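Student: Protein chains in written order, with this note's numbering: chain A, 1 to 436; chain B, 1001 to 1436; chain C, 2001 to 2436; chain D, 3001 to 3436.
None of these hints come from the bench; they were simulated from the model. Fair warning: this is a prediction, and the values are worked out from it, not measured in the lab. Positions of the beta carbon are idealized from the N, C-alpha and C atoms, including for glycine. Hints may contain errors.
Said to hold, decoys possible - Listing some non-contacts, in silico: residues in chain D with all C-beta distances to chain A over 10 Å:
(1) Pro3071
(2) Pro3072
(3) Ala3137
(4) Gly3147
(5) Glu3236
(6) Glu3249
(7) Gly3251
(8) Gln3256
(9) His3271
(10) Gly3273
(11) Asp3308
(12) His3314
(13) Glu3328
(14) His3362
(15) Pro3404
Said to hold, decoys possible - Sample of chain A residues facing chain D (criterion: CB under 7 Å; computed from the structure):
(16) His56
(17) Pro269
(18) Gly272
Stated by the list, open to error - Distance ranges between label pairs, derived from CB positions:
(19) B:Glu1317 x A:Val338: 34 to 44 Å
(20) B:Pro1064 x A:Gly133: 37 to 47 Å
(21) D:Glu3139 x C:Glu2073: 49 to 59 Å
(22) C:Glu2317 x A:Glu317: 29 to 39 Å
(23) D:Asp3063 x B:Pro1370: 41 to 51 Å
(24) D:Thr3337 x A:Val338: 50 to 60 Å
(25) D:Gly3087 x C:Glu2073: 26 to 36 Å
(26) A:Ala138 x C:Glu2313: 40 to 50 Å
(27) B:Glu1350 x D:Asp3130: 58 to 68 Å
(28) D:Pro3090 x C:Pro2090: 37 to 47 Å
(29) C:Glu2317 x D:Arg3417: 57 to 67 Å
(30) B:Ala1127 x A:Arg86: 31 to 41 Å
(31) D:Thr3337 x B:Glu1350: 50 to 60 Å
Number of protein chains: 4
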Amino acid sequence: MAGSESDGGTESRPVRDHLSEVRRAFHRDPEPAWCEFATTARVVEYAERIGVDELHYGPDITDPENRLSVPPEAELEGWFRRARERGADPDVLERLRGGHTGAVAVLERGPGPTVALRVDIDALHVAESDDPGHRPAAEGFRSENEGVMHACGHDGHATIGLGVLDAVRGSEFSGTLKVLFQPAEEVAGGAKAMATGGHLDDVDSLLAVHLGLDRPTGTVVAGVVRTLAVRRFRAEFSGTSAHAAKNPEAGDNAIQAAVSAASDLYAVPRHGGGATRVNVGHVEGGAPGHTNVVADRAAFEAEVRGEDTELMEHMFEECATVIRTAAERHGCEVEITVEGEAPREDSDPETAGAVEAAARAHSDVTETIPSADFGASEDATYLMKRVKENGGNAAYAVVGTDHPGGHHSPTFDIDERSLDIAVDVLSDAVVRLGAE
Amino acid sequence: MAGSESDGGTESRPVRDHLSEVRRAFHRDPEPAWCEFATTARVVEYAERIGVDELHYGPDITDPENRLSVPPEAELEGWFRRARERGADPDVLERLRGGHTGAVAVLERGPGPTVALRVDIDALHVAESDDPGHRPAAEGFRSENEGVMHACGHDGHATIGLGVLDAVRGSEFSGTLKVLFQPAEEVAGGAKAMATGGHLDDVDSLLAVHLGLDRPTGTVVAGVVRTLAVRRFRAEFSGTSAHAAKNPEAGDNAIQAAVSAASDLYAVPRHGGGATRVNVGHVEGGAPGHTNVVADRAAFEAEVRGEDTELMEHMFEECATVIRTAAERHGCEVEITVEGEAPREDSDPETAGAVEAAARAHSDVTETIPSADFGASEDATYLMKRVKENGGNAAYAVVGTDHPGGHHSPTFDIDERSLDIAVDVLSDAVVRLGAE
Amino acid sequence: MAGSESDGGTESRPVRDHLSEVRRAFHRDPEPAWCEFATTARVVEYAERIGVDELHYGPDITDPENRLSVPPEAELEGWFRRARERGADPDVLERLRGGHTGAVAVLERGPGPTVALRVDIDALHVAESDDPGHRPAAEGFRSENEGVMHACGHDGHATIGLGVLDAVRGSEFSGTLKVLFQPAEEVAGGAKAMATGGHLDDVDSLLAVHLGLDRPTGTVVAGVVRTLAVRRFRAEFSGTSAHAAKNPEAGDNAIQAAVSAASDLYAVPRHGGGATRVNVGHVEGGAPGHTNVVADRAAFEAEVRGEDTELMEHMFEECATVIRTAAERHGCEVEITVEGEAPREDSDPETAGAVEAAARAHSDVTETIPSADFGASEDATYLMKRVKENGGNAAYAVVGTDHPGGHHSPTFDIDERSLDIAVDVLSDAVVRLGAE
Amino acid sequence: MAGSESDGGTESRPVRDHLSEVRRAFHRDPEPAWCEFATTARVVEYAERIGVDELHYGPDITDPENRLSVPPEAELEGWFRRARERGADPDVLERLRGGHTGAVAVLERGPGPTVALRVDIDALHVAESDDPGHRPAAEGFRSENEGVMHACGHDGHATIGLGVLDAVRGSEFSGTLKVLFQPAEEVAGGAKAMATGGHLDDVDSLLAVHLGLDRPTGTVVAGVVRTLAVRRFRAEFSGTSAHAAKNPEAGDNAIQAAVSAASDLYAVPRHGGGATRVNVGHVEGGAPGHTNVVADRAAFEAEVRGEDTELMEHMFEECATVIRTAAERHGCEVEITVEGEAPREDSDPETAGAVEAAARAHSDVTETIPSADFGASEDATYLMKRVKENGGNAAYAVVGTDHPGGHHSPTFDIDERSLDIAVDVLSDAVVRLGAE
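Can you make the complete structure from the sequences, with help from the hints?
Tutor: So, in structure tokens, the structure goes:
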């Protein structure tokens, strides 16, 4: 599969003509947020095969102040070593060490605006199904990193990013194209750092894309609106242990504080100003088997969302009050750490219009929806916000795909025909956003 | 490895004259419940050195129906291999495989009653202090199994069991002495299986012993009463996951069910009939970082106690109702598994009287307390109950020891002078309980 | 008390030309839901003065099956006697006995469609301010029924109903006009019974109106949409009392069940399908001073709402599960009684269009809003739904009024200029909805 | 003030020989705490008939600082007027106005110690059974104050106090006897004020008595020990109201704060140091029917108890923390008011010994128990404590009585034969405590 980008003809497109194969390579090797070492090395390898004008990766693409939810050193190192063992390029890997994953590929195609496409590349802690009815299991590209899975389509997104690079390279596009391969979307941890990392500062139009989201193959939503703003946080309670039978009153029960707070988070009243959400997704406290100890340590991770950023922040303040007073009631200390967040940002008609036009022009697109509510969150909004603050425009598109299992489920899969549609529509939109 | 008990003189007592050294060997190599492989091998080795008439270990000493809270196979295997790597006798180890830890040593010394002494041998999941003020750290016998520690004195108990064997062997005792080295006391998991394992069926008097419990060196409590009955259990909730923003209503939130139940367990009303306790010592649910998922799995471990067995069972029924209705409220399934338990049993005056007499006769015992409330639980009560049901008597003694840190804390330690007192008093009590 | 409608001139309009005076008479004599005895008698008196073709009141205007939240007999009787003492017509009163309040006035003005206007007439349990800055206090028309107050503008609504009757009577309207004076809106208790009471069955267009709702004088919203569906209910817990010190475990604690359920109602998770609400507005349990009794009785009143009727019903089911499982956990029985409800219903463009045209034609209307979200609930939706089911159309209009205090607050008041606007705009809309 | 006791013979004892009749007069006219106007007037009347040396009533018998749980003026006045209407002596009543109920009667019988007997006189808010199987209903002495009932035997206690006065007057007792008729025991409100009111300062031995408590007729407990210390309190939450649908987030929900706190009070962990109790006996919040209002007011009454005063105070501090943090979480203010309390105080062997001796000497006493646990609370402990602090002794005796319904239940009644036993035993005990 040598990069054959020098010779002309249809054979010249190392990714565009092999989307399924590329996607399956990513699918086989899923890595969680900030640990996308092999993934990034593979992106770099393909980008070089395609032939790009600039290729950035390593510490200089993200702002060190804004990297959220980076896992502990030991976990990063485990994934780093694993990538090395699996044969990723050691020189590339070395620059990624410590979780500096992700990449920015640039094509300079003459005068004209700078158009960016953002795709995300991380996987989830989900154990992939080995049911024969699950195509990746049946066809041999199931996850080889047990317990981690591309269950949200980011293997497809990475492939689309490369495919668009490849397609635009052979197009009449005039201007500059940047494709951002963003790490750590699932934890809402990567976009903030990339937004302030410098590579967006000259962008005129930003496109972001997601596959699926319950839209079937053939449907394109040109620009989603009403994303929910989100903030993810961790509350860590510390108390005083004591013997649960001899003197429970001497303890400051961190588990009791944590479970009481976790329970009460759901009881923050609704808001007349719009939709809000709250969820506790992980809780842990005490030590296995130690029922006779009043636990001195417990923690949970939760998230709040809001129809706009103010509503999300209102929820966060309410939750912080719940947590603080629960700790106080039980004589515990508590520390709240923000682990990820994304503001609300809506697609602009200008940029979405280019996607809409490209979709309407594509013969395999059976339904084109100009605008639709998103109903969830995405840290791409950080990037959209940054571009808009600099006077640019942005749109977040959805390319439908038939998916048998739901997003984040063990049987999630995509219809690979949607990769072609996505690459075609987005590269056409890039061309339309370029100089005429 | 023949015992050298044939030669006379003070050199003849391999354990009795080396209590600190023996205890420190146990202390250095702590193993948790049902994983006491190296510990049991060491007990066997010392018992053989002392010279006993029978020595039982392996599957035949416990009733397979009643072994509670046995850890998963993988965990057992890890400790098994560790013991082998640390040099424990492979032939002994082989019989212990699968968690068949513990031992019963028998001395037959002529006609007379059968007297048993029960000691427990397991350690705790506590990370031992490395502060230079902590004697095991300063003097080089700190835990070599990081994260596990003899923080409740069972290293001393195992030593006392061997020391009493050694001392009685050289005494005028007439009758049969059995020393039971019981596994898995900390999880209230071992005694029930040992009680019905056969070795108690002919016992006339049972002694059990604990060091410390906030009594200083020089104090002996001849027989504790009012132990609390205890039951330890695990509640495992399973629900349905869903996206926390898009359709939280589609989920059956196992975390919400579990934290609500855990919180409400503490609100089971007091009982007019006597003291009760309830505690949640461990909780876990959802997956780290996955705040956007309505969790489909959460669990906690808890325990209830009562001043008598009926009160304990009342608390358990109340807790089961709390758990069941919380699961029902959140559309979850829940499974409650009993992980350990111990009834209430009080010391008898007959057996305690022998300890009291021995204590009063000992020059280093400065305070002898005939009877005192226990205020906690112990699965030795299963053994006491069994002996009583067969027409025998039983007593649970406390031998004071100055301990700088509290039981179960990282700085717990014992005053080794109390080992001498314990061996002297208990072996004297054994003699007094023998034939006159 | 014959209407004096025979003579011409401006003197001929007994209500239209005296809106403030009429409204103040209502304001002075506020009566709560189903107790609007004097209010109904006053409506009857004015309607007769105006001269109508039919005037219905008493048991035949509401469906006895669907009267919700009717207070106990003793309370009805108290208000009944009070109305008699204050001089209301005894013959009219007699037909209202037992809470059969409200009236339907009909004008038959030749061929054409049947247009209905619904106004509500009940007051609230709010103690009216006696601050001199509060106009009703300063100008002598403050509530004379201490503790009850027209704090939501229904005094104005009753006046508008009469004013429109009076104005349409002198207009070129062709068709039939029915004005429905509906009782018990504040408890969402009256509309369901009126919807199925027969008087709506031939209605082609239904108008309903509310003053204020934070819109200033001069603003008219032609037709609100997105009302919230609502259901109000009472949960009554019965348990077993016991002495709180001697044997609390013997009790089935109704207060503990009720407060736990009330607290957990707020924790019903948000719904991805749209806005929901839940609130507990009243709670009571046990007996004053009897802290030594485990209470055998406790109750609360709550309500749920939803952006559509299904969402409201989802919330109700969730709440019922919370309540039922809380009762079960505490060994109590619980009974849930629905006290009031209203579906979601949106204004139709046809009917709202007539209001919009009338508003745009009025010189004092400074802002005309065709459609706006309501954000709250109204049992007028029962009436709207009924008319639509029969093939008619309906709209709910808001006529702005400057109000110093918020709705339901002790200093609520209306700007009486808005009464003129409301009567003009609505009577013009009635004419437009009539035959051309 | 002369009684008619001057004539001799058995006819000379106006109370002692008519215990049932006197008790039934009290039973028929029950009055709640601090409202015992007719009851006190009746005590005064009988005491005068018996002939005492001093008779105190009105404001000077209680310390105004320490009167707890006095009801509002309007309630006091209602009961005051009722007593007047029922024919109580107006001159006596006038001194009791404002809730200055209760009396102290003194017999001076020569040299010797001062012995006091305390009886309580208030009734409960319980509606008495009208079942023909309930003797007071069948025999015509059921409560004539509907909703209030002597359901704890204080009618008998008042009778015993008078009976002992009468009996001791005709005995060989040497010394001074004071009988204290204490108001407001049921709310733990009267004893503190009487303890510091001056009349106890010279008392050498104090006796207190209770009928029943699940002991049958013929049993006497000479001195109870291990009363529970108790504190009763009220928590009043004030928040900010808001519309529950339009802007619930603008409210500070007093009901949510109160129900959450009330629920969490039960979850204060058990104490290793001894028995504790907590109960919420009354809760109220919001306004009936107003489910659409975020309530700005809610309150509950609760109590805590402890095996000793420190444990009770620990519970109170814990509850105060629960309440304060719940208010803070919901943005509410909260005020906690102590409404009643009683310390723990045990009977002394000296005083109990006199009761024991008297009981053993009585032919109708079939079982005499020197000492027993009480398991509940009594504000007599304030009086006992006061006497002990002054160097005296005290005992609290129980005189058994067969009672068909439980204490505080609608069918409670006493076996009137126990009145004779109580008067005999207690007057004999008084004699034994006098000078020999």
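Student: Can we confirm that no CB of chain A comes within 10 Å of the CB of Gln3256 (chain D)?
Tutor: violated (7 Å)
Student: Starting from the range 29 to 39 Å, see whether the pair Glu2317 (chain C) and Glu317 (chain A) falls in it by beta-carbon distance.
Tutor: holds (31 Å)
Student: Is the distance from the Cβ of Asp3063 (chain D) to the Cβ of Pro1370 (chain B) consistent with 41 to 51 Å?
Tutor: holds (47 Å)
Student: If we take the beta carbon of Pro3404 (chain D), is the closest beta carbon in chain A still more than 10 Å away?
Tutor: holds (41 Å)
Student: Holds or violated: is the Cβ of Pro3071 (chain D) farther than 10 Å from all Cβ atoms of chain A?
Tutor: Holds, since 32 Å exceeds 10 Å.
Student: Confirm or reject: Asp3308 (chain D) is not an interface residue toward chain A, with every Cβ-Cβ distance exceeding 10 Å.
Tutor: About 14 Å separates Asp3308 (chain D) from the closest Cβ of chain A, which puts it past 10 Å; holds.
Student: Could you let me know if the closest chain A CB is still more than 10 Å away from the CB of Gly3147 (chain D)?
Tutor: Non-interface label stands for Gly3147 (chain D): nearest chain A Cβ at 37 Å, farther than 10 Å.
Student: Between Thr3337 (chain D) and Val338 (chain A), does the beta-carbon spacing fit 50 to 60 Å?
Tutor: violated (41 Å)
Student: Holds or violated: is the Cβ of Gly272 (chain A) closer than 7 Å to a Cβ in chain D?
Tutor: holds (4 Å)
Student: Non-interface claim for His3362 (chain D): all C-beta distances to chain A beyond 10 Å?
Tutor: holds (45 Å)
Student: Lying within 58 to 68 Å: is that true of the beta-carbon distance Glu1350 (chain B) to Asp3130 (chain D)?
Tutor: Given a distance of about 60 Å, which is inside 58 to 68 Å, the answer is holds.
Student: Non-interface claim for Ala3137 (chain D): all C-beta distances to chain A beyond 10 Å?
Tutor: Holds: least Cβ distance 48 Å, greater than 10 Å.
When held up to the earlier numbered hints, the structure conflicts with 6, 7, 8, 9, 10, 12, 13, 16, 21 and 24 and fits the remainder.
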